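Number of protein chains: 2
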Amino acid sequence: MTETAAARQSEMTLSDQDRRGLYRTILGRRDVRGQFLPDAIDDGVLARILVAAHHAPSVGFMQPWSFIIIRSPEQRARVKAAFDRANTEAALMFDGERAEKYRALKLEGILDAPVNLCITCDRDRAGPVVLGRTHMAEMDLYSTVCAVENLWLAARAEGLGVGWVSIIEPAALRTILDLPERVVPVAYLCLGKVSHFLAQPELENKGWRKRLPLEELVAFDRFNGPGAAGDEAFIERMRQAQQAAESGELV
Amino acid sequence: MTETAAARQSEMTLSDQDRRGLYRTILGRRDVRGQFLPDAIDDGVLARILVAAHHAPSVGFMQPWSFIIIRSPEQRARVKAAFDRANTEAALMFDGERAEKYRALKLEGILDAPVNLCITCDRDRAGPVVLGRTHMAEMDLYSTVCAVENLWLAARAEGLGVGWVSIIEPAALRTILDLPERVVPVAYLCLGKVSHFLAQPELENKGWRKRLPLEELVAFDRFNGPGAAGDEAFIERMRQAQQAAESGELV
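Chains as they are written, first to last, in the working numbering: chain A, 939 to 1189; chain B, 939 to 1189.
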């Protein structure tokens, strides 16, 4: 049997049920800040969501990610203090009503969630020359973000909430977590069981920003390129699919 | 009814079937280069996978992504030429046996796949000050990568292959696609039906690099931080979960 035949033989066939599960997880995923419960996370569940992250795509199969599981109250308190400093600075960047609205938002669950997780990128994991990174130096960071999204979706499917805390100086994380120079803190996540998942993104719900119409974000062959004659039907399909997603009937 | 109660009421409850579908999609996803078929992609399927991308997390609900669907043979030929130039340069960066191996790999399906898709990030989509981007300027790029991963997973669940072409000068894409300065080409993807999905990542299969042991990528409370006494059981669970993933029995 050739290598290709062997690979073909054990290819994974996905069902309509699998497809439905994927879409439902994507549509039900939320950035959780205010609904964390203090309950411990099961070891088996944490192991599975890390496996999901580890199966993200990576440039040159580099797998540049590492996972720092942060549970100690001391470490979380340091990170919370770094968040507070950054958030105070951030609030000053908004004006008037917007600033007021900003200050009223809860933007992290660092001490509420039982587990924090820093996902890092080791830029030297595969030596200086990496297949696929030769002309886009940031590809290893992007691979690490794919791992973040995989983990986020797996957590949602397991009933766990994830919140990405980005209002923090990366230099502060570097100090608190002892990161060497070559390791970049890509995502600082809060992770835990939740009282409930919101039906809509919180920033949409609270009137911070609206969901944009998908069809306005799609162009053809070049930036802002209009569709050809036959593309009107496709544009209508996008409108319908977006509506179906919002009413929970995409698949 | 309060806002929270309304949100709680329509929360999406995921089943074990949904969870299984998510994991199976993540484990079965591949970076496709050599298995594309020329068959057209159904409009409804393309609309759904774009909806999946549009439901990615985004910093400050910024939704900075746009999608350029590239079908014209002329545009794809220009991109292919830009890939060829970059790939010739890239091959020279590897030595000896590694260079030979590199040259033997097929690394794109630009002309084979019926649809190419450039996913871009408009860094000005929500004005200069963005909630959550104040201390990590790259968060909008990372949001766009989350959209790429959502689309990739949705495509896999629909039976479509995706390949990310990163061996290309971003400046070349900028010229070919008429991107304004504020818009960054994050991912150039090939998209289409496939003859089959490989059972393993192609670079693993061909001996380019091995899958790393997950448990070596996990630390506690700080970089390289060892686990506490109770963490041995968790480390063993990670080993088991990784083995289960490889034999298709994770969930």
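Don't read these hints as lab results, they were simulated from the structure. As the structure is a prediction and not an experimental result, all values here were calculated from the model. Heads up, a few of these hints could be off.
Claimed, not checked - If you only want the chain B side, here are some residues facing chain A, beta carbon under 10 Å, derived:
no.: 1; residue: L975
no.: 2; residue: D977
no.: 3; residue: L1049
no.: 4; residue: R1071
no.: 5; residue: H1073
no.: 6; residue: K1131
no.: 7; residue: G1163
Claimed, not checked - Here are some chain A residues the structure puts well away from chain B; computed CB gaps all over 12 Å:
no.: 8; residue: D956
no.: 9; residue: P976
no.: 10; residue: A1020
no.: 11; residue: D1050
no.: 12; residue: R1112
What the hints assert, rightly or not - So the derived label-pair ranges between C-beta atoms look like this:
no.: 13; chain 1: A; residue 1: S1185; chain 2: B; residue 2: R1120; range: 47 to 57 Å
no.: 14; chain 1: A; residue 1: L1049; chain 2: B; residue 2: T1026; range: 49 to 59 Å
no.: 15; chain 1: B; residue 1: S1133; chain 2: A; residue 2: Q1138; range: 37 to 47 Å
no.: 16; chain 1: A; residue 1: Q1178; chain 2: B; residue 2: A1171; range: 29 to 39 Å
Glycine is no exception: its CB is placed at the ideal position from the N, C-alpha and C atoms.
We went through each hint and held it up to the structure:
Of the supplied interface hints, the one on L975(B) is violated, with its beta-carbon coming no nearer than about 14 Å to a beta-carbon of chain A, more than 10 Å. Hint on D977(B) is violated. Least Cβ distance to chain A is approximately 16 Å, over the 10 Å limit. For L1049(B), the suggested interface contact is broken, since its CB lies about 15 Å from the closest CB of chain A, more than 10 Å. About 7 Å separates the beta-carbon of R1071(B) from the nearest beta-carbon of chain A, less than 10 Å, and the hint is met.
The criterion of a C-beta within 10 Å of any C-beta in chain A is met by H1073(B), whose closest approach is roughly 5 Å, and the hint holds. For K1131(B), the shortest C-beta to C-beta distance to chain A is roughly 14 Å, which exceeds 10 Å, and the interface hint is violated. Residue-level restraint check for G1163(B) holds (minimum Cβ-Cβ distance to chain A is 7 Å; threshold 10 Å). Some Cβ of chain B comes within 12 Å of the Cβ of D956(A); the nearest lies about 4 Å off, and the non-interface call is violated.
Non-interface status of P976(A) relative to chain B is upheld: no Cβ of that chain comes within 12 Å, the nearest being about 18 Å off. Non-interface status of A1020(A) relative to chain B is broken: a Cβ of that chain comes within 12 Å, the nearest being about 10 Å off. At the 12 Å boundary, the C-beta of D1050(A) stays outside the reach of chain B, the nearest C-beta of that chain being 16 Å off. The claim that R1112(A) is not at the interface with chain B is violated, since a C-beta of that chain comes within 12 Å of its own (minimum 9 Å).
Look at S1185(A) against R1120(B): about 34 Å separates their beta carbons, and that is not inside 47 to 57 Å. The hinted window of 49 to 59 Å between L1049(A) and T1026(B) holds, with their beta carbons roughly 53 Å apart. The supplied range of 37 to 47 Å is met by S1133(B) and Q1138(A), whose beta-carbon atoms lie about 40 Å from each other. Checked against the hint of 29 to 39 Å, the C-beta distance between Q1178(A) and A1171(B) comes to roughly 49 Å, which is inconsistent with it.
When each numbered hint is compared with the structure, violations occur for hints 1, 2, 3, 6, 8, 10, 12, 13 and 16.
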